[in-house]
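> Protein chains in written order, with my numbering: chain E, 1 to 177; chain Y, 1 to 177; chain U, 1 to 177; chain X, 1 to 177.
Treat the hints with caution; some may be incorrect.
Since copy identity is lost for identical chains, a pair holds within one copy or between any two.
[To be verified] In the SDA-like style, the derived pairs of lysine to any residue whose C-alpha atoms are separated by at most 25 Å in a straight line are:
| hint | residue 1 | residue 2 |
| --- | --- | --- |
| 1 | K2 | D29 |
| 2 | K107 | Q4 |
| 3 | K2 | E77 |
| 4 | K2 | M47 |
| 5 | K2 | E67 |
| 6 | K2 | P66 |
Source of the hints: derived by calculation from the structure; they are not laboratory data.
There are 4 protein chains.
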Amino acid sequence: MKTQVIVLNGGSSSGKSGIVRCLQAILPDPWLAFGVDTLVQAMPASMQSSDAGIEFASNGEVIVGPEFRALEAAWIEGIAAMGRAGARVIVDEVFLGGADSQLRWQKALGDLSVLWVGVKCDSAIAASREVARGDRISGMAASQANVVHQGMVYDLEVDTSHAESMECARTIAAHLT
Amino acid sequence: MKTQVIVLNGGSSSGKSGIVRCLQAILPDPWLAFGVDTLVQAMPASMQSSDAGIEFASNGEVIVGPEFRALEAAWIEGIAAMGRAGARVIVDEVFLGGADSQLRWQKALGDLSVLWVGVKCDSAIAASREVARGDRISGMAASQANVVHQGMVYDLEVDTSHAESMECARTIAAHLT
Amino acid sequence: MKTQVIVLNGGSSSGKSGIVRCLQAILPDPWLAFGVDTLVQAMPASMQSSDAGIEFASNGEVIVGPEFRALEAAWIEGIAAMGRAGARVIVDEVFLGGADSQLRWQKALGDLSVLWVGVKCDSAIAASREVARGDRISGMAASQANVVHQGMVYDLEVDTSHAESMECARTIAAHLT
Amino acid sequence: MKTQVIVLNGGSSSGKSGIVRCLQAILPDPWLAFGVDTLVQAMPASMQSSDAGIEFASNGEVIVGPEFRALEAAWIEGIAAMGRAGARVIVDEVFLGGADSQLRWQKALGDLSVLWVGVKCDSAIAASREVARGDRISGMAASQANVVHQGMVYDLEVDTSHAESMECARTIAAHLT
Numbered sequence: 001m002k003t004q005v006i007v008l009n010g011g012s013s014s015g016k017s018g019i020v021r022c023l024q025a026i027l028p029d030p031w032l033a034f035g036v037d038t039l040v041q042a043m044p045a046s047m048q049s050s051d052a053g054i055e056f057a058s059n060g061e062v063i064v065g066p067e068f069r070a071l072e073a074a075w076i077e078g079i080a081a082m083g084r085a086g087a088r089v090i091v092d093e094v095f096l097g098g099a100d101s102q103l104r105w106q107k108a109l110g111d112l113s114v115l116w117v118g119v120k121c122d123s124a125i126a127a128s129r130e131v132a133r134g135d136r137i138s139g140m141a142a143s144q145a146n147v148v149h150q151g152m153v154y155d156l157e158v159d160t161s162h163a164e165s166m167e168c169a170r171t172i173a174a175h176l177t
Numbered sequence: 001m002k003t004q005v006i007v008l009n010g011g012s013s014s015g016k017s018g019i020v021r022c023l024q025a026i027l028p029d030p031w032l033a034f035g036v037d038t039l040v041q042a043m044p045a046s047m048q049s050s051d052a053g054i055e056f057a058s059n060g061e062v063i064v065g066p067e068f069r070a071l072e073a074a075w076i077e078g079i080a081a082m083g084r085a086g087a088r089v090i091v092d093e094v095f096l097g098g099a100d101s102q103l104r105w106q107k108a109l110g111d112l113s114v115l116w117v118g119v120k121c122d123s124a125i126a127a128s129r130e131v132a133r134g135d136r137i138s139g140m141a142a143s144q145a146n147v148v149h150q151g152m153v154y155d156l157e158v159d160t161s162h163a164e165s166m167e168c169a170r171t172i173a174a175h176l177t
Numbered sequence: 001m002k003t004q005v006i007v008l009n010g011g012s013s014s015g016k017s018g019i020v021r022c023l024q025a026i027l028p029d030p031w032l033a034f035g036v037d038t039l040v041q042a043m044p045a046s047m048q049s050s051d052a053g054i055e056f057a058s059n060g061e062v063i064v065g066p067e068f069r070a071l072e073a074a075w076i077e078g079i080a081a082m083g084r085a086g087a088r089v090i091v092d093e094v095f096l097g098g099a100d101s102q103l104r105w106q107k108a109l110g111d112l113s114v115l116w117v118g119v120k121c122d123s124a125i126a127a128s129r130e131v132a133r134g135d136r137i138s139g140m141a142a143s144q145a146n147v148v149h150q151g152m153v154y155d156l157e158v159d160t161s162h163a164e165s166m167e168c169a170r171t172i173a174a175h176l177t
Numbered sequence: 001m002k003t004q005v006i007v008l009n010g011g012s013s014s015g016k017s018g019i020v021r022c023l024q025a026i027l028p029d030p031w032l033a034f035g036v037d038t039l040v041q042a043m044p045a046s047m048q049s050s051d052a053g054i055e056f057a058s059n060g061e062v063i064v065g066p067e068f069r070a071l072e073a074a075w076i077e078g079i080a081a082m083g084r085a086g087a088r089v090i091v092d093e094v095f096l097g098g099a100d101s102q103l104r105w106q107k108a109l110g111d112l113s114v115l116w117v118g119v120k121c122d123s124a125i126a127a128s129r130e131v132a133r134g135d136r137i138s139g140m141a142a143s144q145a146n147v148v149h150q151g152m153v154y155d156l157e158v159d160t161s162h163a164e165s166m167e168c169a170r171t172i173a174a175h176l177t
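Hey, can you work out the whole structure from these sequences and the hints?
Dropping the structure here:
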């Protein structure tokens, strides 16, 4: 059964999107790549700073509200439908809810063949890369580095602390069935 | 039956994305907004300059290949699934294939309640706005201004030549059921 | 004496940057374009949210501190030096300090031939364009629409309320000596 | 004599801009940061694809024409003037002309206290980071990795192949006088 969906889960500045672009470059078939950023940008601007939507606290913590969760549920169904319609899809996610988040995706993805990948990065290194990237909201990297992996079950883990995005992508590509 | 999907179709620089943001701001419910740009950005970089993917000719013409069409078909199924899962969705599109493009969307959207909106703009005005926006590939606005509306059937047309995005958004909002 | 510097002053979302790109497109000589955004992006990230640097209040008001003013003074000297070295330069500014801001630029530009242009826009229209552009900080357009023109002396004024960027650019181009 | 200007020279994807943001974050005084990208963005769009301006060949090579050189000369004078007016400035450059480029800057910077820093990166690693960054024009990293350092004289060299941006920034900061 051929892998249809790759889910990468890791904290902010852990290097997920670099791995995604390398995967898209080295995999022989074309893969679509979507992330939580795609969803956030699709939402009304007002939901990006409201209790019902998403809130970026000054310490870098991210809190999402009930309206965000409702739209996210539909979004996840949509990604699953793209897979069922034949597209290969890479999902780049930040599972703030840990195992609960994984469960939501598992239910929607159903019988699609999924490779679950944990993208880890030493918290201090992720924090320094956050500075190098110039993100306005500092603190997200440190705040998310560990919490997003709590209770998660992965097929594979990569660590970007001392490995290039391309190396991690090759490791992941070797695990596709 | 309440409108679940709004499809805006218009050429490059016709002002669709401004209307989308105004709609998201004035509509009481939260609407997700996706466009052909979302899809293109989700594709591998290599497909953005290959015969199989999408090609931007130097005169501004856009040609899409078979691999693009295959991923697009899955993308459309995904958007339809989001609507069926309860999300209200605004789709911002450039129907290079005119009526054929509409047919593809109609099949996928099925029994969802859709408002079809044509976003028109005088070709010369769109071309001058293309310069003002600083898009690198000039000529797209003029090349697409009329062709995207060929054979289309709309519930509503707006013209941004002499109307602000917000005015157009209010007109569209008044037609939602 | 040939115009060496064009200074465009107007509030946020008044349409300055669109006019700048049209000017660069229609003027026969190559003009460099810089704006207050260029300066802000050149500053340390920390100065974009500190009392010493620049602060974006939640109502859209912008407050700049002493360290911002010091770096800005050097920046203005740099722009003037580019003009003296032979470059034609368009400056896209938001004179929060009105006439005081103009005086600072006048001192630095000295004997360079400058065309001072006021870019006006009806406050309500600018506010609606701010929504259409999707800027996160709403309120800047309304907050700045009038205050930036207080006490200013212009060679020329354009109003983007009902004129396209390209029309405004042609009007300005016709005033160059 | 206190360092007034830091010039970082390195090829595309060598990691210069990450180092710049880390330097701005860790240095106690506020430093302005400008790069060749700032200059390119200030030019008319038409110069970004013409023989007189700048040209990005399909193999990633960059060729600049006479009008580019003329505007660049004025730009360099402007940066020098900002330094003389008291601003501390970090310049992020790609010296395609090697030693000739350095000479142009040295003449303009004159008696300002400058720290010249070479930012090196293994060519294959830079090429893989180029893929991870998703730059459309691939080949720039490999094409520039070595040529930009030919004939250069540095006060200090850093190598990003196996060091984080923050580590490199700390090394540079330790060399400021």
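> Next, verify each hint and record whether it holds.
Do the hints match the structure? See the list:
1. K2 to D29: within (12 Å within a copy, 39 Å between copies)
2. K107 to Q4: For K107 and Q4, both the intra-copy (15 Å) and inter-copy (24 Å) Cα distances are at most 25 Å.
3. K2 to E77: Cα proximity of K2 and E77: in one copy and across copies (20 Å, 21 Å).
4. K2 to M47: This pair counts as between: shortest inter-copy Cα distance 22 Å, intra-copy 37 Å.
5. K2 to E67: between (35 Å within a copy, 19 Å between copies)
6. K2 to P66: The answer is between: 22 Å across copies meets 25 Å, while 35 Å in one copy does not.
Of the numbered hints given earlier, the model fails none.
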